[in-house]
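Protein chains in written order, with the numbering used here: chain H, 1 to 117; chain V, 1001 to 1114.
Hints are computed from structural coordinates only; laboratory data are not their basis.
Estimated spans, in silico, between C-beta atoms of each pair:
1) V:Glu-1041 / H:Ile-54: 24 to 32 Å
2) V:Leu-1058 / H:Leu-38: 25 to 33 Å
3) V:Pro-1114 / H:Gln-17: 37 to 45 Å
4) V:Phe-1010 / H:Glu-18: 33 to 41 Å
5) V:Lys-1056 / H:Glu-40: 22 to 30 Å
We put the beta carbon where it would ideally sit given N, CA and C, even for glycine.
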Amino acid sequence: NAGVMQNPRHLVRRRGQEARLRCSPMKGHSHVYWYRQLPEEGLKFMVYLQKENIIDESGMPKERFSAEFPKEGPSILRIQQVVRGDSAAYFCASSPVGTGRRAYEQYFGPGTRLTVT
Amino acid sequence: TQLLEQSPQFLSIQEGENLTVYCNSSSVFSSLQWYRQEPGEGPVLLVTVVTGGEVKKLKRLTFQFGDARKDSSLHITAAQPGDTGLYLCAGISFNAGNNRKLIWGLGTSLAVNP
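Whole structure, please, built from the sequences with the hints as guidance.
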């Protein structure tokens, strides 16, 4: 059973360009979370999605950032007109459907390291 | 605002020593998870504790959930360099819409020196 996959692992963008980060959840998982992490810091929650629905986007900046999780295909985190402050590691996690305790356990991908030059 | 405070923020010890790190909150959580993150990688789930007072052991790691389900501790016996990493705790609560919400601590960065 393949784990959570993220690509690309490293992404370099110039200021003003767009960054698209992809996340394929574990097989059977329909809940996806995106996090941002700066060096030597903890995880900052951005958005929680289920298939075709945004459940909680309380951690997303109001401008330039968007996320989707279509019926088919990976979840996408999109950052428009990137600025240097967007440089960070972006992690995706998935969790299974269900009401038991294990439904809340998150399985993380290896992350995408975005560098804005 | 629910907060999870982790302490200490940084810890550097010698191989073979024992250590305990803490995860504290003024809020009650339905369950709590511990993760370890190694440099350059995503966090990996270590354990989920559910019942107040619960103790779980994972080899040299012992996890305890407080009786009131507001705090947790992680004790490592005879630490090894492979234990080096960022230890994160995350508590599960439900918001007003009955959607689950994971509250994250900022982590304890552990370095075990050979």
